[in-house]
Amino acid sequence: MSIPLMDGHASEPTIFDLSVPGRSAASFRTTGVPHADPSETIPSNLIRTEEIELPEVSERDMVAHFTRLTHRQFSVDLGAYPLGSCTMKYNPKFADVASTIPGLANVHPCQPESAIQGWLELMTTLERWFIEITGMAGATLQPSAGAQGELTGLLIMRAFHENVGRQRRNVIIPDSAHGTNPASVTLSGYKPVTVRSGPDGLVDLDALEALLDEDTAGIMLTNPNTLGLFEKDILKISKAVHEVGGLLYYDGANLNAIMGVVRPGDMGFDIVHSNLHKTFATPHGGGGPGSGPVAVTSELVDFLPGPKPAVIGENPDGSTRYGFVTPSKSIGRIHSFHGNAMVFVRALTYMLYYGGEGLAEVSHTAVLNANWLRKRISRSYPSAHDATCMHEFVCSASSLKRSTGVRGLDVAKKLLEYGFHAPTVYFPLVVDEALMFEPTETESLQTLKSLAGALDEIAEIAHSEDGHDLIHRAPTHTPVTRLDEARAARSLIPTFDASVEMERNQLND
Amino acid sequence: MSGFIPHTPTEVQEMLDFLGIHQVEDLFISIPESIRLARGALELPSGISEPDLLCRMRELADKNRPNPEDLICFAGGGAYDHDIASSTRSLASRSEFVTAYTPYQPEVAQGVLQALFEYQSLVTRISGLPISNASLYDGASALVEALNLCVSQNKNPLVWMSQGINPSFRAVARTFAAGTGHEIVEVPLNNANTIWPFNSQKIPGVVVVGYPNYLGVVEELFEMLEYSQKNDVRIVFVYDPVAVSLLKSPGSLGADVAVAEGQPFGVGLNFGGPYLGLFSVKSDYVRLLPGRLVGETADSEGRKGYVTTLRAREQDIRREKASSNVCTNQTLIAITAAIQLSWLGKAGMKELAQRCYSGTEYLKRLLVGRPGPFSLVSNRPTIREFAIRTPIPAELVVERMLEEGFLAGIPLNRDFDGSDVHGSLLVSVTEKRSAVEIENYVNAMERVVK
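For the record, the sequence lines run as chains Z and S.
Numbering that gives the first Met the number 0 puts the first residue of the first sequence at 0, with every later residue one more than the last.
Numbering that gives the first Met the number 0 puts the first residue of the second sequence at 0, with every later residue one more than the last.
In isolation and in its complexed conformation, chain Z is listed as follows (with noise of 0.2 Å):
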């Protein structure tokens, strides 16, 4: 079996080879505008003498240069993407719809408030639906994804400190944790300390309490954890971290398996943020653009960064008014103009088709998958922790390397081959082997079904006589087999013109 349409095997020439000096595919409006030449203003010394050199080519060799890339990639709407901790569930393609309407995408970010009041209503409305589902009491949704989102959390948790004169040096991550998250405590000027997990893939109480202390700013938490494992003892956690005086900061990575079960703020989280590009269903696009958007108790509010819109008061005839302004130990701008607007338009169609009452279903929905996708192929594949999991599960290739020399990664690209993209592969760093699925409500039981046989069938060839090195060749039916990434990073290649400059040595040499 193969990816339909994927498995041509030649290289496609990238678009600076089908480049031909005078081709052009550019072009523009009859406009009237008289001719000024740039030389009569311009210094002679900042003047360009050379063009830039941007590709030539025709539009016809253009548009079938990208489709055919287009032909080299998987994505959702291809096939099922269980990739753990990323949440690619279906993107709903009315969102597509309602983010090109005019009105709303080809708006200025600068007018003024009197021409941007639906685009003001629009992102209150999204805020209070954010508020609501994780219990806070105030949001921003400026940052652009998560990690952005992280860091703003840290630097609000870092100005509340400050404004009540706490001098504190450290935050507490689990080894569990989003890599982000130790990147964005020492970008917020924090000291990362790790606490243990312990043996059923939970914070480590005791550890973590002799962790406490005066120097503790607050602590990072994702709930359920990258293992997939709800923390239990998040109450005495939070009463803990609460008690030195800390915050608990809650990566919203995981949300997608508690909505409508359970709210971060009911759990005793200061901090919360979320990926709308996960369990709001906006679409990754390859890596973004996301929307990490941010909210908070109400001890925190005056610390959200601004300017944010607000209902300002009321217009003449009683509709509502809506304004930007900035809370009062706001901690700045964090975008360049109001964050990554188009993606609240596809959150918010996502919500309001679902509600309050649909949007707990998709979480009880992504458990069930989770858990059933997790006992379905323990026996090949057990599962790190022998627990009920959440909306994901991490399950070890452990075994299967002893008794084969068939490791994780090999299943993940053998399982290339069979039409599904691959789990999150040695992540946690915590388990051996660790393949982490995340199969998410918008996978039927037939998917789930035909996906545990594949990796059946994986279990099986590695214990036939070659199966190792069948595997160990996979994939084979993809647009290239196995990528040589140590070459890459040793010699490195990052723009045609580094290219054709390492061929032209080669041949020199």
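Don't take each hint at face value.
Covered stretches of chain S, going by a simulated chain Z footprint (3 or more residues, C-beta under 8 Å) [stated by the list, open to error]:
hint	stretch
1	129-138
2	217-226
3	292-306
4	312-322
5	389-396
6	425-434
Distance condition first, Cα-Cα at most 30 Å in a straight line; then the derived DSSO-like pairs of lysine-lysine [what the hints assert, rightly or not]:
hint	chain 1	residue 1	chain 2	residue 2
7	Z	374	Z	448
8	Z	190	S	320
9	Z	92	S	449
Chain S is faced by these chain Z residues, among others (derived, beta-carbon under 8 Å) [stated by the list, open to error]:
hint	residue
10	322
11	334
12	398
13	479
These aren't lab readings, by the way, just hints derived from the structure by calculation.
We put the beta carbon where it would ideally sit given N, CA and C, even for glycine.
Add chain S to chain Z, keeping to what the hints say.
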């Protein structure tokens, strides 16, 4: 449940039976009961259908008045009203690009990876610096990452930031400096040109200059460039990627890092986002590069292919010692820019900048070329926008011009306190503006200030 949850009640029952439980709620027993919500506890409305929600979004759009379709745009300031090729719109909305994740499995992500490789190649040719990452969130975040890179490289946290940098970018830099501890000194303008304190006792680690600056002005740069090179100061250019079609590249002038807002390349106004942070550096800094980097390599059969590379810099591997916390960035927008740049091509790119320049010069001539109510803030050269003083407050001009069918420009207030620029109006002309639109704009401007 209808919609995007495909499970029938029979299937749900089959799954529950397989798991040996009675109801889905049984899967949530690890959540303390005291905080578990009852069904329907969220105080949110019920779901609505696709047609209903689209109506609702159109209603919201209709509240943006005047309708942006009826508003002729003379505002810029980092967000420009350019034409977008139909082919760019079509290709960039293909679902293989739109619904993919970050390319963690390169064998099935060659489409995104190669498009990003081409994007990086295009950005290096525009900036004149040999290394570009695979995108950052926006112009402001690209500037923040530039400061972080420079300071981590030379360990001098003193930053001289020209007040000619976009005020929002400066504000974002200040926000993040609260965490990094960078000491940002904003250097004032005189006649729209930065007055660098060359005689200052303390030598900065980094200087940041606009090219052209936020007021559209091509500043005098050479003294600053010489000073920086002599004193081992890192130079960050915040450039306009359209204007550099007419100007020497930042790289050729000695920039260490060049950052830009990439919105002009095929990205709509979008109420300010998603946009695109262009980020390129000298090759010495490649190991400090924030964000993703795509490199060419070969597969096991010797065929050319692409992977994300130098991954050891990144947060998921290096964790607290990573050069940046960036994970998800703006891939789809970077691909959009690559497509639009390919469509523009070598000749079209120059033509685009030339048309912006011609339109801007035409507007300038009509607005201030003869005695009248408006005057230039600076007589220095500009490419595609300029600031004017207005006889009534700039905000009032903008409000009144809305009724005339124009977005007149951006009033300069925020972050210009105490500067001679304060209170002026920033206006911009793109290749979309016709001579008639420009003439009508000038007539309307003269009417509304009477």
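Hints, verified against the model:
no.	hint	verdict
1	129-138	holds (count 8)
2	217-226	holds (count 3)
3	292-306	holds (count 14)
4	312-322	holds (count 9)
5	389-396	violated (count 1)
6	425-434	holds (count 5)
7	Z:374 to Z:448	12 Å, holds
8	Z:190 to S:320	11 Å, holds
9	Z:92 to S:449	49 Å, violated
10	322	13 Å, violated
11	334	6 Å, holds
12	398	23 Å, violated
13	479	4 Å, holds
Checked against the numbered hints given earlier, this structure breaks hints 5, 9, 10 and 12; the rest are met.
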